[in-house]
Amino acid sequence: MQNINFDVAHLLAGSILVLSFVLLYQDRITAVLNVFALQAIALSLSVAWQAFIQDAPHLFVTAAIALAVKGAVIPMALHRIVRRLGIHREIEQVIGAGPTMLTGLGLVALSILLVLPVGGNVSVLAREDLAFALAVILMGLLMMITRRNAVTQIVGFMSLENGLVLAATGAKGMPLVVEISVAFSVLIAFAVFGVFVFRIRERFDTVDVEALDRFRGERRDHT
Amino acid sequence: MPAFVGLWCVAALLGISAAGVVLSRWSWSFVPVYFASLLVCLAGLAAAFWHLWMGLPPETLGLQIGLPGTGARFRLDPLAAFFLLVTNLGGALASLYALGYGRHEQSQARVLPFYPAYLAGMNLVVLADDAFSFLVAWEFMSLSSWALVLSNHRHPENVRAGYVYLLMATCGTLALLLAFGLLAGANGGYTFEAIRASRPDAFAAGLVFLLVLSGAGSKAGLVPLHIWLPLAHPAAPSHVSALMSGVMTKIAIYGFIRIVFDLLGTPVWWWSLIALSLGGITAVLGVLYALMQQDLKRLLAYSTVENVGIIFIGLGLAMAFRANGMQLAAALAMTAALLHVFNHALFKSLLFFGAGAVVSATGERNMEKLGGLIHRLPRTAVAFLIGCAAISALPPLNGFVSEWLTFQAILIGTGLPQWGLRFMIPAVGALLALSAALAAACFVKAYGIAFLGRPRSAAARNASEVDGFSVSAMVIVAMLCFAAGILPGPIVDFLQPVVQGFAGARLPEQTFMPWASIVPVASSRSSYNGLLILLFLVTAGVLTALTVHRLATRATRRSDIWDCGYPDATTATQYSGSSFAMPIRRVFGTTVFRVHETVDMPRPGETRAGRFHVKVTDPAWRLFYGPIARMALRASKSLNRLQFLTIRRYLTLVFATLVLLLLVVAAWR
Amino acid sequence: MAVTPAMTMIFELAAQAGQMLLVLAIAPLVLGVTRKIKARLLRRAGPPTWQPYIDLWKLLHKEAVLAHNASWLYRVAPYLLFATTWVGAALVPTYAINLMFSWSADLIAIVALLATGRFALALAGMDAGTAFGGIGSSREMMIASLAEPAMLLVVFSVALIAGTTQLSSVASIFITGSIGLRVSLGLALLAFVFVAIAENARIPVDNPATHLELTMVHEAMVLEYSGRHLAMIEAAAALKLVLYFSLFACLFVPFGMATADMNVDTVLTGLMTYLAKVLVLATLLPIGETAVAKMRVFRYPIFLGGAFAAGALAVFLLFVSRSF
Amino acid sequence: MIPSAASLLEGLPSLASLWAQLPVTPLQAVALVPAAAVVLLALIPWYRLGAALNVLASGLTFLAGASLLFAPRYRSDILIVDDFNVYLVTLTTFVAFTTSIFSASYIGHEIETGRLTPTFLRYYHALYQAMIGAMNVALVANNVGLLWVGLEVATLTTVMMVGIYRTPEAVEAAWKYFILGSVGIALAFFGTILVYLCAQEVLGEGLQAMAWDTMLYAASGFDPKLLSLAFVFLLVGYGTKVGLAPFHAWLPDAHAEGPTPISAVLSGLLLNVALYALLRFKMILAANGRTIDAGLVLVVLGLVSLIFAAFMLYRRRDIKRMFAYSSIEHMGIITFAFGMGGPLANFAGLLHMTMHSLTKSAIFFAVGHVAQVKGTQRIADIRGLSASHPALAVGLGLGVIAIAGLPPFGVFTSEFMLVSSTFARQPLLAVLLVFGLIVAFGALILRLQDVLFGEPSGPAGGVKASYLPLFLHLALVLAAGLWLPEPVVRWFRAVAAQLG
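Residue numbers (the numbering used here), protein chains in the order written: chain A, 1 to 223; chain B, 1 to 669; chain C, 1 to 324; chain D, 1 to 500.
Take these hints with a grain of salt, some might be off.
Claimed, not checked - Among the chain D residues that face chain A by a calculated CB cut under 10 angstroms, a handful are:
| hint | residue |
| --- | --- |
| 1 | Glu112 |
| 2 | Leu116 |
| 3 | Trp175 |
| 4 | Ile179 |
| 5 | Ser182 |
| 6 | Ala186 |
| 7 | Leu187 |
| 8 | Phe189 |
| 9 | Tyr196 |
| 10 | Gly204 |
| 11 | Leu207 |
| 12 | Asp223 |
| 13 | Leu226 |
| 14 | Leu229 |
| 15 | Phe233 |
Just so you know, the hints here were simulated from the structure itself, not pulled from any lab data.
Idealized CB from N, CA, C, for every residue including glycine.
Working from the sequences, and respecting the hints, build out all of it.
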């Protein structure tokens with residue numbers, strides 16, 4: 001019994017990791033959004049599984065939140081933004097897909113290297129989950145810094161947040177206050193994002209972050 | 001008791017500066033402020049004098065303020081008392097002078113609050129008995145004088161001077177802070193007792209010495225840390241310049257003596273090597289730069305650098321003798337140094353007062369625009385002449401006595417065992433002799449150009465004698481210079497309690513020597529008697545004059561200048577300051593300065609005037625400070641790119657740092 | 001007969017006063033002698049030896065002409081110069097050591113006294129506000145700023161050998177001959193001669209006989225002076241020469257001086273030997289002067305630098321080891 | 001800031017009796033008063049009334065915070081009041097109070113110049129209170145999760161306020177702040193989870209495994225590897241909010257483009273609170289003892305921030321951005337101090353935190369007035385302030401002199417302890433520290449002189465604002481430089497001992 005629990009949790013966490021690899025690999029916005037939705041669903045599954053094996057019902061709430069918000073609402077909203085702003089579908093990457101993947105692999109290795117030596121009294125399950133979560137977080141960050149497009153950066157941040165949820169649920173018996181705060185922060189995050197994207201829309205008709213950087217306070221003093 | 005008086009003086013001065021803030025909107029406000037400062041300084045003077053005169057034991061008192069745990073401690077021992085005396089003497093004279101001079105100040109609000117605060121700061125430095133209060137007072141002194149330097153802030157060069165000044169002052173303070181940190185140790189015994197008790201090892205002591213030399217030296221104006229001094233001292237109002245040159249540099253020397261001789265214990269001989277070499281170089285370079293100046297006050301500032309060098313020579317000798325246990329010789333050298341401290345405080349104040357009088361009478365600091373002031377400002381001229389003679393170390397005035405004592409100390413130097421010192425001391429003696437002679441040339445120039453000859457500008461032609469307060473201040477100092485010159489004995493004895501503490505011995509009683517002469521070591525070795533010299537000179541001079549007038553003729557006729565039969569009415573034909581300095585510039589110009597002489601000679605037939613322009617630059621700028629400033633700017637320029645990265649790149653920075661730290665954790669065993 | 005303290009006091013006072021008057025009396029004569037000898041060396045008859053006395057007398061009785069803008073300093077300076085030089089000369093032991101006031105100023109003080117006089121004269125030179133005065137003062141101070149350190153180094157070397165800066169003590173030590181011949185003493189002598197030549201405005205540094213020449217130094221400084229003031233300055237110059245002669249005599253050939261026991265014959269021998277020494281020096285000086293040519297102004301630094309170097313070397317040797 | 005022992009004694013019973021009659025304890029009040037104010041202010045359309053209420057609410061919060069000093073120490077699994085946070089709460093509420101006074105006079109001018117509209121002021125005041133409440137929560141939280149929540153809410157509210165001018169620069173600054181801030185949020189949260197994992201193995205599941213003080217007792221049993229990992233994430237996460245280089249990028253623009261009161265609160269309070277959070281975890285590491293050397297990491301980060309910011313100061317053209325960099329510099333000094341550790345250095349660090357928040361907020365008050373009277377933030381366009389506006393010039397001058405570390409101000413006291421003790425222990429580090437200090441000093445004084453002296457520039461109109469907050473802060477800093485009250489010294493010593 002213990003085994004099957006472990007294996008399923010492992011499988012789901014692994015799938016999340018794989019999905020964030022796919023995210024790294026994608027170079028079309030629509031595809032990125034879909035993959036992200038997929039990852040969110042995988043996340044909610046894994047959270048639900050955790051809720052089941054830890055018999056911690058409150059985690060089902062988290063799973064539901066993840067499924068609803070990240071699996072459905074946010075991807076749709078982002079699709080709408082993309083359509084409304086008419087962002088060209090190609091994502092210009094800073095470094096090519098190949099090096100990015102290699103870096104991702106390196107990060108996975110690093111996270112495993114970090115977590116494995118952790119002392120025995122931390123449960124194996126938590127440890128494995130932790131390794132995956134850490135990898136997902138780092139890869140989300142990697143995605144944010146290898147994409148020039150604001151929407152993809154948002155997505156990268158979201159997948160980073162997925163990693164957080166994964167870790168949080170992996171931590172046995174972590175009080176509910178935390179999940180709520182997570183969801184809370186994610187909501188705020190998204191709200192603020194929306195506000196900003198629209199502001200940016202009416203300011204610069206683009207969401208390319210480089211465009212923003214032209215408007216730095218001191219830059220004009222150079223001329 | 002006197003220690004309390006000293007602290008009350010500080011409190012009173014702070015009160016006065018607060019009052020200055022309130023009063024300064026009225027034009028007459030300078031009178032009460034300076035008068036009150038005068039009274040307080042006199043009180044402090046009396047307290048210090050009393051302590052030295054009665055030979056009271058050191059007295060300490062602590063207040064529950066300042067550094068948590070340590071508290072603020074104050075102590076009055078002979079050394080502190082002597083410097084307190086010098087400080088308040090200078091302060092009193094400056095305040096008296098300012099009673100008249102103050103009315104020329106345009107914006108009282110920029111001077112009146114800071115002047116008493118400045119005095120308070122200097123008094124506090126001398127009284128402080130723990131590292132924290134010492135540094136607070138030290139920096140407070142710098143800060144208030146910085147404000148005074150900037151009192152005339154509309155001249156860009158004053159602002160620059162203020163900047164350089166405050167920056168250098170803070171570097172010095174930080175050097176002292178490091179020194180104290182080393183002395184106090186990791187668990188912070190910041191009181192001077194604790195520091196005295198803890199004997200640092202040789203390396204630490206050497207490090208502390210170097211730090212203190214640079215910290216106190218930068219405040220005193222040791223070459224090459226002197227660059228701020230000739231900028232800042234002239235920029236301030238003249239009574240403040242007098243305090244900065246005459247007193248504040250002495251406070252710096254007090255700091256040096258306090259830490260090196262008192263807190264650090266017995267010095268090591270190689271310290272004296274460094275102090276001596278720096279002192280000698282400072283003495284000569286200072287006076288050479290002074291010779292090159294056309295700005296009267298800047299000339300005086302550079303001559304301050306020279307005198308600081310002389311004092312450091314004395315201190316260096318004292319260290320050398322102390323390190324080898326030659327206590328009597330150490331006492332002699334120390335006495336010479338302290339006496340020169342006292343003397344320089346006197347005549348440098350006098351000279352700055354005179355310069356202030358010239359500035360307020362003519363509005364000119366540039367000597368090339370002056371001349372013939374001896375007719376327009378007769379009293380000032382006399383006082384200034386005495387100051388010039390005194391600072392040129394001419395008998396029978398006081399400057400000579402201290403230099404004579406220094407020479408005597410140098411002549412004892414043969415007894416030192418270390419070869420380094422044996423080579424250094426004669427060289428320093430030569431440098432000292434050179435600086436003395438050059439100082440005479442420098443002040444002949446200063447006086448001859450500014451006060452003698454024919455006026456070179458309308459301002460100088462229409463100048464009129466300054467007010468009574470200023471004149472009385474100058475006259476008093478001039479008299480003091482004379483008194484200290486002809487009766488040095490009592491002053492030397494007065495210094496002995498101070499010297500005793502650090503040299504371990506004292507000079508023989510001087511006051512009751514026959515004919516009131518001073519005999520530092522033994523009458524068979526050397527003795528000097530200013531009183532008799534004066535007597536002889538007066539009798540010889542007066543007798544001759546009388547005889548000539550009586551027996552020969554006293555007929556006198558006024559006529560035009562002869563000038564070899566080619567008199568030229570234009571005052572421009574006179575020798576100018578730069579032309580006076582030209583021979584010496586030629587002699588030393590190649591080696592010491594970077595002299596740029598640009599001649600613009602019109603071709604024959606051209607009607608325009610020819611131009612000759614000399615630019616003398618202080619090599620310290622070229623060699624040290626210029627490169628440092630350029631380096632800082634280059635660094636900031638290259639780092640500044642980080643202000644203009646894209647968000648993505650900033651995220652990359654964060655990410656990179658995170659990964660780096662994770663690798664560290666992974667690698668950590 | 002019993003000698004009471006009062007009488008000894010009187011005797012000592014008399015001795016001191018005698019020396020004071022002696023130097024004053026012989027100064028013009030010395031000048032005359034040098035001029036005479038120089039003239040002879042130049043195959044001229046030359047003025048009579050006592051001519052300087054006559055010159056002084058004449059000047060003293062002429063009215064003094066002052067520029068309109070001449071200040072009190074201009075009139076005081078000559079007397080001050082004269083006084084300092086005279087006092088200096090009177091404090092150098094001539095025929096006897098341990099005179100009453102000999103201790104009141106040591107060698108350093110005497111050098112400084114001369115500096116005081118020079119200071120006054122240089123200022124006076126700038127008082128009238130002429131180009132010549134300025135040139136003179138400026139060059140005088142330049143020379144002094146090099147000569148004075150050299151002189152002080154000479155003082156150092158002597159003082160280091162004798163262990164004192166007190167002229168009488170120096171003489172009383174050297175007179176015993178216990179010191180012997182010293183390398184450092186030789187160097188000091190060399191430096192001393194150089195300095196003396198420069199300080200007394202003699203060839204090759206300056207030409208006392210010149211006028212209206214851009215190379216003149218001392219004469220340019222006193223160009224505006226006339227009458228009694230000029231007389232004072234001339235007298236001071238003569239006294240200065242005597243001072244250096246007697247300094248030379250006292251430091252390097254102190255033999256024959258009257259020492260502690262002062263009675264008539266010791267004093268007389270001292271007097272005779274002193275006069276003889278001065279005479280010899282007064283003969284040697286013009287010979288040297290005629291042998292060399294005057295230098296350009298900006299050669300002085302090298303000349304005096306040589307003196308400085310010699311003095312410094314002497315002092316170094318003494319610091320390194322006492323046996324040099 | 002803190003009354004002397006005498007007034008403390010006679011003040012104690014009256015305050016106690018006052019709070020006895022109220023339904024809430026001071027501890028609840030520091031969070032509840034702002035919460036109530038948020039709702040109220042969000043509803044009030046009149047901006048003058050809003051400003052007044054803002055001041056009132058802040059004043060009440062300050063009262064509550066100050067009376068925490070006299071209330072007995074308190075702990076639960078959620079909240080805690082101990083030596084460390086009690087004075088920080090007082091400080092925070094105090095600065096929030098004075099800043100609200102300043103902002104009341106400031107926004108009036110902004111309305112006149114039309115940079116802000118009353119509608120935005122509604123958000124502004126509500127957000128201001130929200131931020132204060134959040135920071136107080138973060139300070140009094142015992143539960144590290146709650147600490148995190150408080151800090152994040154504070155950050156997000158400031159993000160919105162930074163963007164409130166809606167100029168391209170403001171939006172861009174807010175955007176940058178938001179992106180970097182939320183990455184920080186995420187990383188810090190991960191760190192928190194890791195800490196919980198460590199604690200949960202020792203203390204069992206549930207709240208006590210997130211309560212800071214229980215963790216501190218059990219810290220020795222934590223897994224060092226995991227704890228180190230947690231600390232790294234917390235360092236990067238909270239360090240971003242502290243503004244340590246190289247996580248500093250958001251800070252200068254956020255300070256320069258937002259309203260000046262927000263700049264004051266950011267520099268004065270938010271950085272402190274973030275650092276406070278970091279220190280809470282450093283205590284746990286110190287108590288564990290087998291982790292990576294947190295001190296070393298802090299020292300390195302501190303030196304990097306100090307020297308980097310010091311050089312950046314030279315080329316700043318915007319006066320607010322310059323002082324923002326000076327905040328980075330001082331955060332670097334403080335981090336360095338805590339990295340050095342030991343009683344003296346820790347004491348210095350705590351003192352420096354307090355002094356910096358008081359001084360820097362005072363400077364921003366002054367800068368706000370300057371920017372308003374001169375109509376520009378460009379240093380090059382501000383000249384001769386001492387001639388045109390003497391009082392303001394004195395305020396700014398004293399502020400900069402204090403922040404530059406000159407006596408007799410409090411900053412000098414802390415730098416004195418830090419530099420001297422460091423030189424006695426690690427001479428090389430002290431030399432680097434002094435180097436940074438001198439470089440920064442040179443830049444600050446250079447700009448200060450440019451601004452204060454020379455021929456006056458711009459309009460010479462009077463200032464319609466109260467200097468009370470400005471000079472109150474300066475007076476406190478001066479007083480602290482001359483005399484630290486005994487209780488404060490006691491608290492600092494206690495905390496310094498815990499910091500290891």
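Identify every previously stated hint that the structure contradicts and give their numbers, smallest first.
Going through the list in order, the structure violates hints 1, 2 and respects the others.
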